[in-house]
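2 protein chains.
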Amino acid sequence: MASTGSKNLTAIMAANSAYAETFNKGDLPSPPAKRFAVLTCMDARMDPAKFAGLSQGDAHVIRNAGGRASDDAIRSLIISHKFLGTTDWFVIQHTGCGMATVTDQQIAELLRDDLETAEHNGECWLNPQRESSDNHKPGSDLAESICWHTIGDLHQSVLQDVELIANHPLVPSHITVTGLIYDVQTGLLSRVSA
Amino acid sequence: MASTGSKNLTAIMAANSAYAETFNKGDLPSPPAKRFAVLTCMDARMDPAKFAGLSQGDAHVIRNAGGRASDDAIRSLIISHKFLGTTDWFVIQHTGCGMATVTDQQIAELLRDDLETAEHNGECWLNPQRESSDNHKPGSDLAESICWHTIGDLHQSVLQDVELIANHPLVPSHITVTGLIYDVQTGLLSRVSA
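Here the protein sequences line up with chains A and B, keeping their order.
Residue numbering for the first sequence follows our numbering, beginning at 462 and increasing consecutively.
Residue numbering for the second sequence follows our numbering, beginning at 462 and increasing consecutively.
To be clear, the hints were calculated from the coordinates, so they are not data collected in a lab.
Hints are not guaranteed to be accurate.
Identical copies carry no separate label here, and so any pair may be met within one copy or between two of them.
For lysine-lysine, the following PhoX-like pairs were computed, each having C-alpha atoms within a straight-line distance of at most 20 Å [claimed, not checked]: (1) 486 to 468; (2) 511 to 468; (3) 468 to 495; (4) 511 to 486.
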């Protein structure tokens with residue numbers, strides 16, 4: 462029996478083969494046609510091309526857990542402007558984000574004890590129940606040294622990240638940075654203002 | 462006249478309004494249905510949902526400049542497994558990536574002198590030509606302290622990032638990590654093996 466891993470690879474390669482058969486975007490230029498970039502969450506329910514109306518070639522799309530202004534997201538935005546000319550950036554976080562259900566400290570504790578997928582009992586996250594003989598690989602104190610970018614208040618998180626990006630010393634002051642919240646239940650974007 | 466910034470915002474909100482009118486994904490669960498995650502580049506020409514056949518709800522999508530295994534991408538992957546149960550991860554970098562046209566040292570030098578968009582003269586990147594009276598905001602030495610994750614050899618970059626992720630102390634050993642290269646001229650994915 463194929464593992465989940467190889468099943469997913471097989472499905473991806475089959476979908477890709479069909480995609481390539483009618484592919485006609487081979488001459489798109491590298492710089493985004495609409496000169497903007499989107500920073501949003503990795504959440505599986507969100508498709509930025511669909512909810513923001515992006516065609517291939519239009520815009521850079523940066524995604525991570527939470528859609529947060531991590532150092533790496535800011536690295537990507539600086540590259541986006543410095544080498545590919547975007548001048549207009551959108552930070553889009555969302556309702557129902559898993560990053561708002563846990564704190565950095567809780568993540569560190571859960572990972573220190575067990576690396577396997579936690580379960581949510583309606584109130585909090587718990588590590589999976591195991592027999593003591595299970596061969597699990599507990600995490601190290603490394604988890605405590607990582608900034609997990611959890612979200613306390615969604616509105617504040619968007620505003621804080623917009624400010625962090627706009628005030629970064631390697632970001633020119635003429636770049637526009639706009640904060641938005643995506644509602645996973647309605648598909649609607651709304652603008653976040655201070 | 463509207464700035465590029467507000468024009469893009471207006472276009473995004475109009476597209477989003479149309480999207481929300483027929484939105485029917487409000488009850489999708491948060492954990493990815495296909496239990497996998499994709500790490501790929503922010504490149505505007507690439508739409509992972511299309512080239513990998515993803516439907517909304519299927520998979521996490523993490524994107525940054527280069528599709529590199531940065532600390533933040535690994536943070537997102539660990540969250541993806543620990544809280545949302547993915548067990549199968551794909552690292553997808555691509556041909557024609559801007560990150561392969563420059564070195565970390567060159568990025569630092571270009572940013573130190575000028576934050577505005579560089580031009581490529583066919584051989585190398587150059588800062589924009591300015592009158593000495595221009596009010597530009599030169600970067601600081603900060604750029605030299607940042608890992609820009611530029612790419613020397615594409616094949617090696619994918620392999621190196623797959624290894625980095627698979628061997629991370631907070632990644633369980635049963636997670637499968639597969640390296641792929643996306644060809645921007647054909648739309649085809651190909652698997653990268655050591």
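*Please flag the earlier hints that this structure goes against, numbers listed from lowest up.*
1
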